[in-house]
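Construct the complete structure from the given sequences, taking the supplied hints into account.
2 protein chains.
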Amino acid sequence: MEVVTAPKPWTSYILGQSSLFPILICILSQSYRIRADDGGMEELTTEKEAEESHRQDSVNLLTFILLLTLTILTIWLFKHRRVRFLHETGLAMIYGLLVGVILRYGIPSTSYHNKTPPSCSLKVGPVSTLLLNVSGKFFEYTLKGEINSREIHNVEQNDMLRKLTFDPEVFFNILLPPIIFHAGYSLKKRHFFRNLGSIITYAFLGTAISCFVIGNLMYGVVKLMQVLGQLTDKFYYTDCLFFGAIISATDPVTVLAIFNELHADGDLYALLFGESVMNDAVSFVLSSSIVAYQPTGANMHTFDASAFFKSVGIFLGIFSGSFAMGAVTGVVTALVTKFTKLHCFPLLETALFFLMSWSTFLLAEACGFTGVVAVLFCGITQAHYTYNNLSEESTKRCKQLFEVLHFLAENFIFSYMGLALFTFQNHVFSPIFIIGAFIAIFIGRALNIYPLSFLINLGRRHKISGNFQHMMMFAGLRGAMAFALAIRDTATYARQMMFTTTLLIVFFTVWVFGGGTTPMLSWLHIRLSGCLVHERLVSRAAVLCSGLESLQQQRRRACLNCGITSALFSTQTSLLLVCFYS
Amino acid sequence: MEVVTAPKPWTSYILGQSSLFPILICILSQSYRIRADDGGMEELTTEKEAEESHRQDSVNLLTFILLLTLTILTIWLFKHRRVRFLHETGLAMIYGLLVGVILRYGIPSTSYHNKTPPSCSLKVGPVSTLLLNVSGKFFEYTLKGEINSREIHNVEQNDMLRKLTFDPEVFFNILLPPIIFHAGYSLKKRHFFRNLGSIITYAFLGTAISCFVIGNLMYGVVKLMQVLGQLTDKFYYTDCLFFGAIISATDPVTVLAIFNELHADGDLYALLFGESVMNDAVSFVLSSSIVAYQPTGANMHTFDASAFFKSVGIFLGIFSGSFAMGAVTGVVTALVTKFTKLHCFPLLETALFFLMSWSTFLLAEACGFTGVVAVLFCGITQAHYTYNNLSEESTKRCKQLFEVLHFLAENFIFSYMGLALFTFQNHVFSPIFIIGAFIAIFIGRALNIYPLSFLINLGRRHKISGNFQHMMMFAGLRGAMAFALAIRDTATYARQMMFTTTLLIVFFTVWVFGGGTTPMLSWLHIRLSGCLVHERLVSRAAVLCSGLESLQQQRRRACLNCGITSALFSTQTSLLLVCFYS
Chain A
10 MEVVTAPKPW
20 TSYILGQSSL
30 FPILICILSQ
40 SYRIRADDGG
50 MEELTTEKEA
60 EESHRQDSVN
70 LLTFILLLTL
80 TILTIWLFKH
90 RRVRFLHETG
100 LAMIYGLLVG
110 VILRYGIPST
120 SYHNKTPPSC
130 SLKVGPVSTL
140 LLNVSGKFFE
150 YTLKGEINSR
160 EIHNVEQNDM
170 LRKLTFDPEV
180 FFNILLPPII
190 FHAGYSLKKR
200 HFFRNLGSII
210 TYAFLGTAIS
220 CFVIGNLMYG
230 VVKLMQVLGQ
240 LTDKFYYTDC
250 LFFGAIISAT
260 DPVTVLAIFN
270 ELHADGDLYA
280 LLFGESVMND
290 AVSFVLSSSI
300 VAYQPTGANM
310 HTFDASAFFK
320 SVGIFLGIFS
330 GSFAMGAVTG
340 VVTALVTKFT
350 KLHCFPLLET
360 ALFFLMSWST
370 FLLAEACGFT
380 GVVAVLFCGI
390 TQAHYTYNNL
400 SEESTKRCKQ
410 LFEVLHFLAE
420 NFIFSYMGLA
430 LFTFQNHVFS
440 PIFIIGAFIA
450 IFIGRALNIY
460 PLSFLINLGR
470 RHKISGNFQH
480 MMMFAGLRGA
490 MAFALAIRDT
500 ATYARQMMFT
510 TTLLIVFFTV
520 WVFGGGTTPM
530 LSWLHIRLSG
540 CLVHERLVSR
550 AAVLCSGLES
560 LQQQRRRACL
570 NCGITSALFS
580 TQTSLLLVCF
590 YS
Chain B
10 MEVVTAPKPW
20 TSYILGQSSL
30 FPILICILSQ
40 SYRIRADDGG
50 MEELTTEKEA
60 EESHRQDSVN
70 LLTFILLLTL
80 TILTIWLFKH
90 RRVRFLHETG
100 LAMIYGLLVG
110 VILRYGIPST
120 SYHNKTPPSC
130 SLKVGPVSTL
140 LLNVSGKFFE
150 YTLKGEINSR
160 EIHNVEQNDM
170 LRKLTFDPEV
180 FFNILLPPII
190 FHAGYSLKKR
200 HFFRNLGSII
210 TYAFLGTAIS
220 CFVIGNLMYG
230 VVKLMQVLGQ
240 LTDKFYYTDC
250 LFFGAIISAT
260 DPVTVLAIFN
270 ELHADGDLYA
280 LLFGESVMND
290 AVSFVLSSSI
300 VAYQPTGANM
310 HTFDASAFFK
320 SVGIFLGIFS
330 GSFAMGAVTG
340 VVTALVTKFT
350 KLHCFPLLET
360 ALFFLMSWST
370 FLLAEACGFT
380 GVVAVLFCGI
390 TQAHYTYNNL
400 SEESTKRCKQ
410 LFEVLHFLAE
420 NFIFSYMGLA
430 LFTFQNHVFS
440 PIFIIGAFIA
450 IFIGRALNIY
460 PLSFLINLGR
470 RHKISGNFQH
480 MMMFAGLRGA
490 MAFALAIRDT
500 ATYARQMMFT
510 TTLLIVFFTV
520 WVFGGGTTPM
530 LSWLHIRLSG
540 CLVHERLVSR
550 AAVLCSGLES
560 LQQQRRRACL
570 NCGITSALFS
580 TQTSLLLVCF
590 YS
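Each protein sequence line maps, in turn, to chains A and B.
According to our numbering, the first sequence is numbered sequentially starting from 10.
According to our numbering, the second sequence is numbered sequentially starting from 10.
Hints in this document: simulated from the structure, not taken from any laboratory.
Hints may be right or wrong, so weigh each one.
Pairs involving identical chains hold if they fit within one copy or between any two copies, as the list cannot separate such chains.
List time: in silico DSBU-like cross-link candidates among lysine-lysine, alpha-carbon distance up to 30 Å [unchecked claim]: (1) K243 - K88; (2) K146 - K408; (3) K146 - K243; (4) K472 - K347; (5) K232 - K88; (6) K232 - K146; (7) K88 - K198; (8) K347 - K146; (9) K347 - K88; (10) K405 - K319; (11) K408 - K472; (12) K347 - K405; (13) K243 - K472.
Now the structure itself:
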C-alpha cells in the first residue's frame, strides 16, 4: 500500500560530517533533519515517521549483513586453519550474541517519543484495521499484536531492539524454505532410498515417541514448579505436548557438516540427515495438530477422544496433502523442463526452477497445508526427476544458487538466534523448567533412538551398530526449525517460557555437542566410507590449495587447477589423510 | 515483533476436497476454519486475523510467482521463434495487466468485515504507534498511512486488491538494488570509459535540461487545466518539476536487449546504457532535491534563492556522498578478496561479494545518501577491481547469481506495473495532463539529445552521427525507476495524477518504442559492431541448438557442446547471420 512517505534528504549528516562510524552517527544524531513539506502538520509527522522507519529498517538489515559478513570471514579463517570445534552456525550464534549485548547494553535507548503512546478504548474486540480521526483527516493503523500491560511503557524506549526482531513469519516464508529445499535437493539418493524404511521410522515413530516422552516429563516438571510456587501463569498439558513436538525437531547441521568433510560412513550420514530433514517436517505438522486440538465443552484442556482423533486426522491430512503437493510440483517442473527446450537458455531454466520450487511452498501455505513439508518433497522429487532434464549449465547454476541461498538463510537464522537472546522482550527464565527440559530431551532422544534401532535392526540386513546408535543419540542437536516453531507464537506465558528454553537448548547443543562431534567420532571409532575417495581428494585439494600458495606463489593457477592439483598430489593427499585420520 | 499468531490448520480444505483450482477455492471458501484456542475472544480474533493475513500474503506472492513463470515460458517461446517485437519486460507488463483485470473484475470482493473499520478520535497528531484498550488488554497498532476520507468505506472491500500492492519501499530496498547493481557490474568497461565524457554530459546536463523543459511545459499544461476547470486540487510548480525529474529517468532495457542480441554498435550501446544507468541515479537525487526545496516564509512554493541553492547543495552532496560510499565499498571488497584466500572457497567468496554489495546500499540509505547511486558505483568499482581477484569459479557464480536476481527483480517490477493499473486505488486520469506529458517528454528528450550531441561532438574525435542521435532519441523508454519514483509518494492529488500518467507513459514507450526498435535499427541503417564475432556465434549457437535438436535428436550433447557446435557450424552461422542482418 502506498504509505505516506517522502524521500529522505539528511544533508546535515553529509555537510561537514566525516565519520568512521556512520551507523552510530546516524543513530545518535537525530536533531538535524530537513523535512519535505507537503503542507500540514500531520503529513509532516507521518513523513518524519516514515523517514525514521526507513532508516531504522536499513540499519536493521545492515546489522544482519555485517553479522553474516563477519561470520563468512571467520568461517574462512577456521577452514584455513582447519578449526573444527566451532561450525559456522555456532559461530553465527556467537556473533549474534555479541551484537545483541552491544545493542542491549551499549547503545542508549533512542526513544523518539518521550511518553507512552496514546491509547484509545473501544468496546469492540481488536480488529485488523483501525482508523484514527485527527481533525477530519483519517489515518489507518494495522494491528501489530497484543502487548503485555507491563510493557506498554517500554514500547518506545525499546523501539530499537524491537525493530531488530522480525515477524516470525519471515522465517517460515523466506528463510526456512531455501534451507529445507536444499536439504531435500541434496539428499544423496542412493543412501537415502537404501535406508528409507529406517529413516521414516525414526522420523514418524521416533518424533511421536520423543514428543510424548518429553511432553509428559515436562508436565511433571511443570507440576513440580506449581507445587514450588514457581509458576506465575497457566501452563497446560497441551502446552507441554506442544513443547515436546517443537523440541523434537533435530537439526544436526554441525554434525553433518563435519561428517561431510571427514566423509564419515555414508549410511550413518543418510540416517542422520534423512531423519533430521523428515523429523523437521513431522514436528512442524505435529505441533500444528496439537494446537488444533480443540475438545468440545467448557474445559479446553481435558482429553476428548473425538478431538484427539480429529487432531490425528489433521496430522495425516496435512502431511499427505503437503507431500502430494510437493511431489506434484516437482513432477510438473520435470515435465516442463523435459518438453520444452529451456535447457538452451540456462538463465531461464534456472529462474523457472527457482520459481516453481518456491511456488510449491506458497501454494501449500495458501491452501492450508504445510509449506515446509511440501517444499521438502518438492526438493526430493526435483532431485530425482527434474535434475536429469536440466542442461549441465543449469544443473550447476541451480545447485550453486540454492547453495548460496541456503548458506545465507541458515547463517541468518543462527545469527538471529544469538541476537534474540537479547532483543526478545518477554523472556521467562525458569531454571527448573530449563534443567527439566535438558533432562527430558536427553531421555526423549534415548527412548527414540535405542528402542527403534532395535526394532529396525530386526528388519535390516545391514544392522545399525551400537556405535552408530550412540552417534545418532549424540547428534540430536536442535536448530532452526525448533527455534522458528518456538518463536512463532509467544503470546502467552507458557510459550514465552518455552521459547527461552528452546533458545538455550539450541545454544548448548550446537556449541557443546557440535563441538564435540570430531572427538566423539574418533571415540566411537566410526570409520570413513571407502567409496568417496574422489570427493575426499577434491575437498583436501581446497585445503592444500591454500597451503600450496605460500609454497608456489601461483595462487590463481593452483586453485583453477584444483582438479589437476588433487590428482597430482594424490600421494601427498593420501599421506595427509592417513596422518589426519589415524 | 512477535505477532500473535498460531499455525494455520485448514483441514476442511483437505478433508474431502479435490480441486484443480486450489487458489480460487482458498479464496472463495472461507467458512470452514479450525481455530486454535488459547483462551479469550480477543486472541481468537487476532489469530483469525493472522491466519487470514498469512494466507493472503501467500496468495499475493504466489500470484507474482505465477506471473513470472508465465513470463519465463513465454520468453522462451519468443526466443525459440525469434520474436523480437515484444521484449520480456513488455510481456511481463501484459501479464500483470491481465491478472489485474481478473482480480479487479473477475473475483468478487472478499470483505472479511462487513462494515467500515472502527475509528477513534485523538487530539494529538498521528503517531507511529497507537494502543487500543479492549477490556484491559492492550493491542498495538502501527501507522499504515493517511487514507482519503472517501476511501474509508472501501477499506475492507478492496482488501484483496490493496494487499496486492506493496509498500513502495519494497522497490527501493529489495527490487531496484539488484537491477542497478547488475547494470553497473555489466557495463562494458572499455566502451564505457571511452565514452565517459559524453555519458556524463547526457546524464547530468541532459537530465537537468529534460527535467526543466518537461517541468515548465507541464506547468503550462496544468495552468491550462486550471483555466478549463479540470483541476480539482492543488498542483504546484514544484510538483511539475518533480514530475519532470522522475520522468527523465530512462530505462531502455528493451532496446538494449535487442542491441545486445543483434550486436549493434558498441559505442551506441555504451552511450545508451551508460546514459540510462547514470540518469536513473541523477533523476533519483534530483527528485529528492526538488522535494527538499523548502523556502522560508509562508508561501512554500515561491522561488527562494537560498532554498534553491540549498537544494543544489543537497543534490551535489548526496550524489558525491553516495558515489564515494559505493566506490569505497567496492574497493574494500577488492582488498578483502585480494588479501584473503577466499577464492579457494567459491561459496564463501560469492556470499561475501553478494553481502558486501548489498551492504553498500543499506549503508548509504542508513546515512541519508542514496542507495541506488551507491550501489551503481559499487557495481562499477567491483567490475573494475574485485572482478580480477575472484577465482574463475566465483566469477561465474557471482555473474550468474546477479544475473538471475536482476532477471527476477526486473520482471517482477514490470509485472507489478501492469497490475498496478488495476490495483492502485487512487488513479487520477486526466486526458489533458496525459497528452501534455507525452508531448513534453518528446520535446524534453529532443532538447536533451540533439543540442548536447552537437556540443559533445565538438570535443569528440569519433562523432556521434545523426542516426545515432535519432536512435537515442527513439530509445528514451521509461521503466522501473520512473515507476518506482512515482509510486513512492502518492498521498496528494498531484502525485496521484503523476503516478497514473507515468504508468501510461511506461506502457506506451515500452510496447511501442520497444517493439519498434528492430525496424528502427534497419531504417536508420545502424550497422553491427565488427569486433563481437565470437559472442555472436555463441548467441546464435543457442538458437541453432534448439534447431539442431530436431535434426539430430541429440539434445543434450548438442547443448553441452554449444562451444564446439558453434565452431563446427561457423560456416552455417555466418551464412545465417548474413541472411539475417542483410
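The hints, checked one at a time:
1. K243 - K88: neither (48 Å within a copy, 63 Å between copies)
2. K146 - K408: For K146 and K408, neither the intra-copy (53 Å) nor the inter-copy (49 Å) Cα distance is at most 30 Å.
3. K146 - K243: between (43 Å within a copy, 17 Å between copies)
4. K472 - K347: Neither, since 40 Å and 50 Å both go past 30 Å.
5. K232 - K88: Cα proximity of K232 and K88: none, with 47 Å in one copy and 68 Å across.
6. K232 - K146: between (54 Å within a copy, 28 Å between copies)
7. K88 - K198: within (28 Å within a copy, 35 Å between copies)
8. K347 - K146: neither (57 Å within a copy, 57 Å between copies)
9. K347 - K88: between (40 Å within a copy, 17 Å between copies)
10. K405 - K319: For K405 and K319, the Cα distance exceeds 30 Å both inside one copy (45 Å) and across copies (52 Å).
11. K408 - K472: neither (33 Å within a copy, 47 Å between copies)
12. K347 - K405: The answer is both: 17 Å in one copy and 26 Å across copies each meet 30 Å.
13. K243 - K472: neither (46 Å within a copy, 82 Å between copies)
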